[in-house]
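So you can see what is in the structure, the chains are spelled out below.
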Amino acid sequence: MARIVAGVATSHIPAIGAAWDNKKTAEPYWQPVFRGFEPSKEWIAKVKPDVCIVVYNDHMSAFSLEIVPTFAIGCAAEFPIADEGWGPRAVPAVKGHPELASHLVSSLVLDEFDITIVNKMEVDHGLTVPLTLMFGQPKEWPCPVIPLAVNVVVYPVPTGNRCYRLGQAIRKAIASYDKDLRVVIFGTGGMSHQLQGPRAGLINKAFDTRFLDNLTKDPQANVRIPHLEYLRETGSEGIEMVMWLIMRGALDDEVKEVYRFYHVPASNTALGHIILENTQP
Amino acid sequence: MPLPKEYDDLPGTVVFDADQARKGYHLNMCLMSLMKAENRAAFKKDERAYLDNWPMTEEQKQAVLKRDWNGMLQLGGNIYFTAKLAATDGLSFQQIAAMMTGKTQADYAEMMLKGGRSPDGNRSKSEWKTRG
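Respectively, the protein sequence lines represent chains A and B. Here the working numbering is used: the first sequence runs in plain steps of one and ends on residue 288. Here the working numbering is used: the second sequence runs in plain steps of one and ends on residue 291.
Careful: at least some of the hints might be erroneous.
As the list claims (entries may be wrong) - Lysine-lysine pairs mimicking BS3-like chemistry, simulated, CA-CA at most 25 Å apart:
id : chain 1 : residue 1 : chain 2 : residue 2
1  : A       : Lys30     : A       : Lys127
2  : A       : Lys186    : A       : Lys53
3  : A       : Lys127    : A       : Lys102
4  : B       : Lys262    : B       : Lys182
5  : B       : Lys288    : A       : Lys127
6  : B       : Lys195    : A       : Lys212
7  : B       : Lys182    : B       : Lys225
8  : B       : Lys273    : A       : Lys212
9  : A       : Lys55     : A       : Lys212
10 : B       : Lys164    : B       : Lys195
11 : A       : Lys31     : B       : Lys288
12 : A       : Lys146    : A       : Lys48
13 : A       : Lys127    : A       : Lys53
14 : B       : Lys182    : A       : Lys212
15 : B       : Lys195    : A       : Lys102
16 : B       : Lys164    : B       : Lys204
Everything labelled a hint here was simulated from the structure, so no lab data went into it.
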């Protein structure tokens, strides 16, 4: 039987990908960021997931405004790297897990989550930056990845509660898959940041810290955060944190925090990162 | 007229909702086309001619030509699409963010290094009015 063993949340700031690709990781500005992920790389090398589900948002690279799915699951065998305006990142193409992805879709739809099936999709920094941070630069990514794209660009984005419940449904779906797979689920994006307009640069460390604490202490407190509070307190793009709640919902009710890293600034953003493990074997 | 929105009170922020998305559809799709290298080349060769291929308003075209980053957002642009124009110009997210705040690159970078813009004093339009 497949099971989810852990959850990883991390920001997916594009400048981190650019810093990595342009070999700036040792520069004083970026060095603390990459150092902060060293323990995470060691951790995931030990955990050796068979599959990763990466919850992220497409930054209008694959979907555009022609079609804006609220929740979409990539069921393809391979996902090419998108050209976001400066050429595709020089990272390996992402290999999917079509069989598990289709199982997820079937189970979720019957569980009343109306998932969009995507059989052809390029993936952008939202998905590849977290992989770089956790796995560095291998010739091939160490395991198949199932992309789960969430609309957090066209408002309103799904509520925190909807995201958490989707996570719970993913937990159930994985548990009903008959192959013995160890799955790690990533929630990406956030934390506080505003990229646009005269209020750009907003950072709210107090909010972010509370959000990180509550992932283990009181997830329901995070689930109840209304959209307006995200917008007001964490900047217009901070609302991406609802994607972390999909990750959290997919884990057991009781989890153990095994690592945390928080750093300001990474470009315009408060970089947040946490690793949570299920405590039941 | 639609009813007032709960997020209309946020200062210095355009929430990209369904109304904005409708208004900016062609503007954003035009900027999205810059993801292809050959389109970037055509755009750089003659920006006006490139923009004229899209059913955008004259106001939207002018905002693109003038690189009025805030203006594009007001006219329905979305930051992830305007970022593709920025990338075409060789500008980073941080560089256009600085421009949108009216700060110099150095001042914006310093604000971020010091922990970013505090939410205090930046939660409501009323707080921006009093600061003059």
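Here is how each hint holds up against the structure:
1. Lys30/A to Lys127/A: Given pair Lys30/A, Lys127/A is violated - Cα atoms ~31 Å apart, limit 25 Å.
2. Lys186/A to Lys53/A: holds (21 Å)
3. Lys127/A to Lys102/A: holds (12 Å)
4. Lys262/B to Lys182/B: Roughly 28 Å separates the two Cα atoms, so the pair is violated.
5. Lys288/B to Lys127/A: violated (48 Å)
6. Lys195/B to Lys212/A: violated (38 Å)
7. Lys182/B to Lys225/B: holds (19 Å)
8. Lys273/B to Lys212/A: holds (12 Å)
9. Lys55/A to Lys212/A: Violated, at about 32 Å.
10. Lys164/B to Lys195/B: Distance of about 36 Å is beyond 25 Å: violated.
11. Lys31/A to Lys288/B: violated (41 Å)
12. Lys146/A to Lys48/A: holds (16 Å)
13. Lys127/A to Lys53/A: Outside the cut-off at roughly 32 Å; violated.
14. Lys182/B to Lys212/A: violated (34 Å)
15. Lys195/B to Lys102/A: Satisfied, since the Cα-Cα distance of roughly 23 Å is no more than 25 Å.
16. Lys164/B to Lys204/B: Violated, at about 41 Å.
Going through the hint list in order, the structure does not satisfy hints 1, 4, 5, 6, 9, 10, 11, 13, 14, 16.
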